[in-house]
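Taken in sequence, the protein lines are chains A and B.
Just so it is clear: in the first sequence, position 272 is 272 by the UniProt record's numbering, and no numbers are missing.
Just so it is clear: in the second sequence, position 15 is 15 by the UniProt record's numbering, and no numbers are missing.
Rather than coming from a laboratory, the hints here were simulated on the basis of the structure.
Since this is a predicted model, take the numbers as computed values, not measurements.
Idealized CB from N, CA, C, for every residue including glycine.
It is possible that some hints are incorrect.
[What the hints assert, rightly or not] Where chain A lies over chain B, by a calculated footprint (3+ residues, C-beta under 8 angstroms):
{"hint": "1", "stretch": "7 to 20"}
{"hint": "2", "stretch": "181 to 192"}
[As the list claims (entries may be wrong)] Heads up, incomplete: computed chain A residues facing chain B, CB under 7 angstroms, no partners named:
{"hint": "3", "residue": "42"}
{"hint": "4", "residue": "232"}
{"hint": "5", "residue": "279"}
[What the hints assert, rightly or not] To list a few chain B residues with every Cβ distance to chain A over 10 angstroms, as calculated:
{"hint": "6", "residue": "27"}
{"hint": "7", "residue": "43"}
{"hint": "8", "residue": "61"}
{"hint": "9", "residue": "98"}
{"hint": "10", "residue": "125"}
{"hint": "11", "residue": "300"}
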Amino acid sequence: MSDKGTGPHPAAQDGTLVRIRKLTRVFDVSKPWLNRVIERLPRARLTAVSDVSFDIPERGVYALVGESGSGKSTIGKMVVGLLDPSEGEVRVRDVDLASETDAAKVAAARSEIQMIFQDPYASLNPRWRVRDIIAEPVAARGGDTRGLAERLLEQVGLAAEDAVKYPHEFSGGQRQRICIARALAANPKLIVCDEPTSALDVSVQAQVLNLMSDLREEYGLTYLFISHDLTVVQHMADTIGVLYLGRLVEEAASDALFETPRHPYTQMLFAAAPRMDAYGREVEPPKGEIPDPINPPAGCAFHPRCPIAVARCKSERPEMRRVGGARVACHLAE
Amino acid sequence: MSEPTLSLRDLTVEIPTRHGILRPVDRVSYDIAAGEILGVVGESGAGKSMAGNAVIGLLNRPARIAGGEVWLNGTRIDELGREPMRRLRGKQIGMVFQDPLTSLNPLLTVGDQIAETILEHLPVSRSEARARAIAALDEVGIPAARDRVDSYPHAFSGGMRQRVVIALALCAEPSLVIADEPTTALDVSVQAQIIALLKRLCRERGTAVMLVTHDMGVIAEAADRVAVMYAGRLAEIGPVAGVLGAPRHPYTVGLMGSTPGASRGQRRLTQIPGAMPRLGALPQGCAFHPRCPRRGLNCDVDPAPRLDADGGRAACWYPVTETEKAEA
Numbered sequence: 001m002s003d004k005g006t007g008p009h010p011a012a013q014d015g016t017l018v019r020i021r022k023l024t025r026v027f028d029v030s031k032p033w034l035n036r037v038i039e040r041l042p043r044a045r046l047t048a049v050s051d052v053s054f055d056i057p058e059r060g061v062y063a064l065v066g067e068s069g070s071g072k073s074t075i076g077k078m079v080v081g082l083l084d085p086s087e088g089e090v091r092v093r094d095v096d097l098a099s100e101t102d103a104a105k106v107a108a109a110r111s112e113i114q115m116i117f118q119d120p121y122a123s124l125n126p127r128w129r130v131r132d133i134i135a136e137p138v139a140a141r142g143g144d145t146r147g148l149a150e151r152l153l154e155q156v157g158l159a160a161e162d163a164v165k166y167p168h169e170f171s172g173g174q175r176q177r178i179c180i181a182r183a184l185a186a187n188p189k190l191i192v193c194d195e196p197t198s199a200l201d202v203s204v205q206a207q208v209l210n211l212m213s214d215l216r217e218e219y220g221l222t223y224l225f226i227s228h229d230l231t232v233v234q235h236m237a238d239t240i241g242v243l244y245l246g247r248l249v250e251e252a253a254s255d256a257l258f259e260t261p262r263h264p265y266t267q268m269l270f271a272a273a274p275r276m277d278a279y280g281r282e283v284e285p286p287k288g289e290i291p292d293p294i295n296p297p298a299g300c301a302f303h304p305r306c307p308i309a310v311a312r313c314k315s316e317r318p319e320m321r322r323v324g325g326a327r328v329a330c331h332l333a334e
Numbered sequence: 001m002s003e004p005t006l007s008l009r010d011l012t013v014e015i016p017t018r019h020g021i022l023r024p025v026d027r028v029s030y031d032i033a034a035g036e037i038l039g040v041v042g043e044s045g046a047g048k049s050m051a052g053n054a055v056i057g058l059l060n061r062p063a064r065i066a067g068g069e070v071w072l073n074g075t076r077i078d079e080l081g082r083e084p085m086r087r088l089r090g091k092q093i094g095m096v097f098q099d100p101l102t103s104l105n106p107l108l109t110v111g112d113q114i115a116e117t118i119l120e121h122l123p124v125s126r127s128e129a130r131a132r133a134i135a136a137l138d139e140v141g142i143p144a145a146r147d148r149v150d151s152y153p154h155a156f157s158g159g160m161r162q163r164v165v166i167a168l169a170l171c172a173e174p175s176l177v178i179a180d181e182p183t184t185a186l187d188v189s190v191q192a193q194i195i196a197l198l199k200r201l202c203r204e205r206g207t208a209v210m211l212v213t214h215d216m217g218v219i220a221e222a223a224d225r226v227a228v229m230y231a232g233r234l235a236e237i238g239p240v241a242g243v244l245g246a247p248r249h250p251y252t253v254g255l256m257g258s259t260p261g262a263s264r265g266q267r268r269l270t271q272i273p274g275a276m277p278r279l280g281a282l283p284q285g286c287a288f289h290p291r292c293p294r295r296g297l298n299c300d301v302d303p304a305p306r307l308d309a310d311g312g313r314a315a316c317w318y319p320v321t322e323t324e325k326a327e328a
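Excised from the complex, chain A in its bound form (with noise of 0.2 angstroms):
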């Protein structure tokens, strides 16, 4: 795939801070050794991303939605660095953070990733008073943490006096906020937010949400935003890349996402979102489920729920193409 036509906005090309292609991870889902060799059963093979490219420009928020199984979380942990890629790259200011040999440069781009996890309850160290975890990402490089701790509680929303607390002591949004200061607390340029707000009430998710967009603008954030929930993708992104089964089937800006949604499964994601507005209708919901990712379809992957499926479907997998201002994976898009 050459950059020709399939590549991400042009405008995007300076300004760039994320840069994803042909990003694939395989996970080994075999059973042990011993049971293959008396079942006679094959290895398994389950592909949870594959061959996805997208850029994250400076200072935008880019937002992967999908349902469960699609590969938006195993991509954010391959951005981060949790999880090595299978193939393909990720390059933070054209650092490959897989295959680049030279360690001062690899730590320098880490050290401006940061990120925040979906369970506020299991992503803090229990034992740890508030200061140390807050300050943890900059004591772990040897940074000078005194004082940080309290200038970032007050910065998201919380007492200076509540860095001697620990977790438990909080309800889960103040837990939230304590992620996010630590997710501050390297002076990130880029912070993968991988559900931040789904354990949260609505009152709570708007405060977090607020907070969220307020610190973009202070600190010059970039955010990559990963969620299912379509409401509040729409209200944070600038750019939405949507995901199906470890694809990307269309990334398109925010609003024209949203007004001419151009890919069927992405069609009928959007009719299948409750609404707010939706009183007294009637609609017809989608059929059919995510197929087994072990096994996914031939073609295109979408083709078994697909309504407007042809033959060429099912035998040819439709590659990444521009329509419109979009990027659309499907043969019959238009």
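With chain A fixed as given, assemble chain B onto it according to the hints.
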């Protein structure tokens, strides 16, 4: 028809603790008619699930019904003992919980589980029960029900499992179904399927549904009427188009403003300052007043006006009026 299927009258649930008595449900009254879906919405700790558990007699000790009445089809059920209540559950009240994997027995086939419920509650033979189990699975949209009836729960996907749970809840033909966050663990497209299924079955059979959820979008899609709960009390109740289209209680207004997508094109979400108070430290007067932008002088003294089953819509001294809505 005029008599509602379920009536709550001043239902109060109390939990005695060392630090005093907590009231997770405080004098809540509402009716659900046959064939109607009442959405009960609120944030965590609002008491929405606790009210449902009180109706089906599944309160965990030391929580107990401390006052009020629960009427099901003209019979008072809150004073029933354990054994009559157990016979009522499943027969007259079906239940659908959030996590379909934990509400199914992993060691029994889905067919056996459904047949067991049918045999317990209906006077039918074993083979008739099995036939009905297959029909029930077929009705909830499980493909090849005749082949899948002998499968175990682990062989089904999340959405299919929730369909099995719905088949289980409806197989004894109850008049009331309590669905507690039935779609929260599911993906968007599967969620839409489950909502459509619940709506269709309840309409066809005239089953009353109490749909407990935190998701305003699900309420908008599924419910006929909405009850909004805050800190154990009913804040607002009314038809879904009224409550979501023109909310009157300041909390409902805040909740709508916090939901992304409701305020389209807005860069910032409207915030409700603060957080829901803990039950042990409820403020005096109206429980919402410390966070309320419309509070008046009496709000921190007088408890909010209570909502009777057929009374007003918002439990508030200064509700948003029609004219204000038109000006905004």
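Hints and how they fare:
A count of 0 residues in the stretch 7 to 20 of chain B with a Cβ less than 8 angstroms from any Cβ of chain A is obtained; the coverage claim is therefore unmet, three being the minimum. With 6 residues carrying a beta carbon less than 8 angstroms from a beta carbon of chain A, the stretch 181 to 192 of chain B meets the three-residue requirement, and the given coverage holds. Interface restraint check for residue 42 (chain A): the shortest CB-CB distance to chain B comes to about 21 angstroms, outside 7 angstroms, so the restraint is violated. The criterion of a C-beta within 7 angstroms of any C-beta in chain B is met by residue 232 (chain A), whose closest approach is roughly 5 angstroms, and the hint holds.
Given the 7 angstroms rule on beta carbons, the hint for residue 279 (chain A) holds: about 4 angstroms separates it from the nearest Cβ of chain B. In this structure residue 27 (chain B) is separated from chain A by more than 10 angstroms, as the shortest Cβ-Cβ distance comes to about 23 angstroms. A beta-carbon of chain A comes within 10 angstroms of the beta-carbon of residue 43 (chain B); the shortest separation is about 4 angstroms. Listed as outside the interface, residue 61 (chain B) is consistent with that label: its C-beta sits roughly 25 angstroms from the nearest C-beta of chain A, beyond the 10 angstroms cut-off.
Every beta carbon of chain A lies more than 10 angstroms from that of residue 98 (chain B), the smallest distance being close to 14 angstroms; the non-interface claim holds. Annotated as non-interface, residue 125 (chain B) keeps its C-beta farther than 10 angstroms from every C-beta of chain A; the closest such distance is 35 angstroms. Every Cβ of chain A is farther than 10 angstroms from the Cβ of residue 300 (chain B); the closest lies at roughly 21 angstroms, confirming the non-interface assignment.
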